[in-house]
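As given, the protein sequences belong to chains A and B, one line each in that order. Going by my numbering, the letters in the first sequence line up with residues 1396 to 1780, in that order. Going by my numbering, the letters in the second sequence line up with residues 95 to 325, in that order.
Don't take each hint at face value.
Unchecked claim - Distance condition first, Cα-Cα at most 16 Å in a straight line; then the derived EDC-like pairs of lysine to aspartate or glutamate:
1. 157/B x 169/B
2. 1400/A x 203/B
3. 1400/A x 237/B
4. 1612/A x 1634/A
5. 1476/A x 1517/A
6. 157/B x 1490/A
Hints are computed from structural coordinates only; laboratory data are not their basis.
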Amino acid sequence: MFILKLLTRNAFRHKLRSILTITGVAIAVLAFGLLRTLVGLWYLGVESSNASRLVTRNAISIIFTLPISYKDRIRQVPGVKIVSYGNWFGGIYIDEKNFFPNFAVDPGNYLELYPEFVLPPDQKKAVILDRKAAVVGRKLADRFKWKLGDLVTLKGTIFPGQWEFIVRGIYRGAQKNTDETQFFFHWDYLNETLKKTVPRRADQAGFYMIGLTNPDKAADVSVAIDRMFKNSLAETLTETERAFQMSFVSMTEAIVIAIQIVSYVVIIIIMVVAANTMAMTARERIAEYATLKTLGFGARHIAGIVFGESLVISLAGGVVGVIFTFPAAHWIETELSQFFPVFNVSPLTVYLDLLAAATVGTVAAIFPTWRGATIPIAEGLRRIG
Amino acid sequence: MEKAKPPIVEITNLTKTYRRGVQVIPVLEEITLDIADGEFLALMGPSGSGKSTLLNIIAGIDKADRGAVNVAGVDISALSETDLARWRAINVGFIFQFYNLIPVLTAFENVELPLLLTTLSRSERREHVETALSIVNLLDRVDHYPSQLSGGQQQRVAIARAVVTDPTIIVADEPTGDLDRVSAEDVLGLMARLNNEYGKTIIMVTHDPRAAEKAHVIRHLEKGILNNVHS
């Protein structure tokens, strides 16, 4: 208790220096936490993917489509419970800066495949019955203040034209990390329009989503589907939803690695700053450490005092950083929802924040501790006066 | 005729040198000295004569190159650093020129510091600290930090810290060196009282002849050689 009192008072002996160091650690921990969350966000699609879902796409590339006739054939494969399909629409709402993901899907089966998109039964029924219906995520609806019955016009990029939709459903996520910024509408609406305007692009699906009767059969079903379309004009590549999402992540893995490196660099920089502060502190206190050793305190006690002081400062910074991480994450999620539809700080990130702060404190204290613990008493006492 | 007290400190053929690069500088040469239990000894000499080094060796915070230092029957030159630290905590009370109080601790807490290394309970520690502070007449300053005390008061706190464990010897390195004349007299009077009333053995290094006058025995060091005795 006494030692705790001593090291806490020592930590705030030079208030300005301590506050600046704590602020530095807090900012570093805040940046580390946000960058870690950002990295986690990159894997959000992977993490939220379901083991009982498969994705079938064109074997050449995702940008090539598959005939809609594949649907019934896939449905016949043993182990397949449900088949849905869709296209990435790539529509723009008023301006490009209003980006949000939008898909043409088969809403009945699609919503059945995605129980994490929770839609009230009456809205679901309304969506299925209306060809021009759209289902939007809660956050997306909040962002553009859309209400049920509102008319929303998207400008097609992949599928040119002005596309009008009526908001018939607003889903919420079953889990905290469910993306609530997506926009779905009837694939039939897209297809029927294409039949009239660009018939050669009609009856094509960008991907098939497949629900399995048993997730353990995923490999067998994938092989069976791909074998079925082997040597056809549009060969397929079937993989688990997780692997499918992971293929997108791997395209941008260099960015993820860069973010991770930056997050560690931030911590290393603050480690150097904190180590400098602790070295200055220890240099100033050498005479006090010598006095304590004179009184009979051992190297162990001195190490405890130096380490303790360093940890008090760094953990204070860590706690402040963690406290500010939550409002910062909330601000990002609210204000930058077009880029970060979900920005939840996970418990693991909080632990890593505190671990990073403790590591900063520990590493920063190593040299000063060694110096304080090993300096000969007579030499230390000469540093006074 | 009063029987002479046995020596509590016995120093035999003690030699100490410092190295500066390849140069070897002798500091203490073949010092042999006995200090009786209850004695108040003043070590005098010019700067660089080795008196503080001798004091540090007696107190177990520095080591001699050669020779034996026996304090209260313990050959401290043979002790390891850890054992020496333990030994100092029990046997030596220190009074420094610049008081060496911990600035973030109150007078009470500074005096309590050495007791943290004992097995005393909190209430026992409090009792000891209050006794020590009452000896130095500072019971009304227990909650004051060193910066809130005068130099003389700080040195009295340091004296209380030195005596709180009831050590075998008290060593003082220029205890009045940073004090005005009145405070110095006050501190010297206190040390004399510790010696006279409580029978404490005191070894004091000083430049100040007035301080040395309080001692029973004055020894002079010149270039590392202990030369004469004044009683």
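Hints, verified against the model:
| no. | hint | verdict |
| --- | --- | --- |
| 1 | 157/B x 169/B | 12 Å, holds |
| 2 | 1400/A x 203/B | 10 Å, holds |
| 3 | 1400/A x 237/B | 15 Å, holds |
| 4 | 1612/A x 1634/A | 12 Å, holds |
| 5 | 1476/A x 1517/A | 25 Å, violated |
| 6 | 157/B x 1490/A | 81 Å, violated |
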